[in-house]
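Novice: Build out the structure end to end from the sequences listed, making use of the hints.
Line by line, the protein sequences give chains A and B. Quick note on numbering: this note's numbering labels position 93 of the first sequence as 93, and the sequence is numbered without any gaps. Quick note on numbering: this note's numbering labels position 53 of the second sequence as 53, and the sequence is numbered without any gaps.
These are calculated hints, taken from the structure and not from any lab test. Please note: incorrect hints may appear among the correct ones.
Claimed, not checked - Here's a subset of chain A near chain B, in silico, CB distances under 8 Å, partners left out:
1. His39
2. Lys42
3. Gly43
4. Leu44
5. Phe90
6. Leu97
7. Asn100
8. Gly102
9. Lys103
10. Leu104
11. Phe106
12. Gly107
13. Gln108
14. Gly109
15. Gln113
Beta carbons are placed, not taken as given, at the ideal position from N, Cα and C, and that holds for glycine.
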Amino acid sequence: AQSVTQLDSHVSVSEGTPVLLRCNYSSSYSPSLFWYVQHPNKGLQLLLKYTSAATLVKGINGFEAEFKKSETSFHLTKPSAHMSDAAEYFCVVTLILTSNTGKLIFGQGTTLQVKP
Amino acid sequence: DGGITQSPKYLFRKEGQNVTLSCEQNLNHDAMYWYRQDPGQGLRLIYYSQIVNDFQKGDIAEGYSVSREKKESFPLTVTSAQKNPTAFYLCASSIRPAGYGYTFGSGTRLTVV
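Specialist: Right under this line is the structure:
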């Protein structure tokens with residue numbers, strides 16, 4: 001079965017310090033994993049995705065994530081937080097439904113607070 | 001620019017009324033989806049469609065209906081049978097094969113008054 005667990009519901013960092021948002025996954029086959037960001041009352045924006053290519057994935061806005069199969073983890077990091085990074089972040093795994101449809105399985109989300 | 005357009009952004013409904021949320025995409029994607037988001041929770045799948053004139057129930061389809069008469073359009077109707085319809089609704093589409101790339105609309109916030 002496919003599932004994701006985001007280990008922190010809320011993370012608070014100071015501007016300019018590193019960001020770490022943790023995600024563990026469970027998958028019965030080689031997964032496609034995503035990180036999405038959501039600002040208040042907005043849709044979801046894709047930060048990055050892992051689809052069995054390089055294990056270190058670079059995304060937009062300076063974010064990156066490393067796929068670690070042995071640890072079943074896909075943690076999101078950023079070297080230096082910016083005030084505009086404050087948002088809700090979702091770790092997502094895909095459950096394949098048909099050849100051209102897949103259901104996104106969402107974690108519960110992590111709220112990132114960035115303090116001046 | 002290609003993308004997904006959801007309308008309206010905010011919608012108010014009286015109890016007992018049906019309402020329809022619009023979702024249009026110009027990405028030429030075959031697959032389209034409707035998700036529901038409640039406060040403090042991730043998204044849950046309501047319905048999905050892999051091609052025109054075909055759609056399947058997701059995890060929480062009760063009280064909802066959809067149609068897929070055109071590739072570009074996937075409207076969602078929230079019926080009076082939906083017991084707790086107040087939520088944020090997101091439409092998405094994806095390219096083939098499944099698992100490679102999803103695009104989301106900006107959402108519709110539905111409030112029952």
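Novice: Hint by hint, note whether the structure agrees.
Specialist: Taking the hints in turn, this is what the structure says about them:
no.: 1; hint: His39; result: violated, 10 Å
no.: 2; hint: Lys42; result: holds, 6 Å
no.: 3; hint: Gly43; result: holds, 4 Å
no.: 4; hint: Leu44; result: holds, 4 Å
no.: 5; hint: Phe90; result: holds, 6 Å
no.: 6; hint: Leu97; result: holds, 7 Å
no.: 7; hint: Asn100; result: holds, 4 Å
no.: 8; hint: Gly102; result: holds, 3 Å
no.: 9; hint: Lys103; result: holds, 5 Å
no.: 10; hint: Leu104; result: holds, 7 Å
no.: 11; hint: Phe106; result: holds, 3 Å
no.: 12; hint: Gly107; result: holds, 6 Å
no.: 13; hint: Gln108; result: holds, 6 Å
no.: 14; hint: Gly109; result: holds, 6 Å
no.: 15; hint: Gln113; result: violated, 15 Å
Violated hints for the displayed structure, listed by number in ascending order: 1 and 15.
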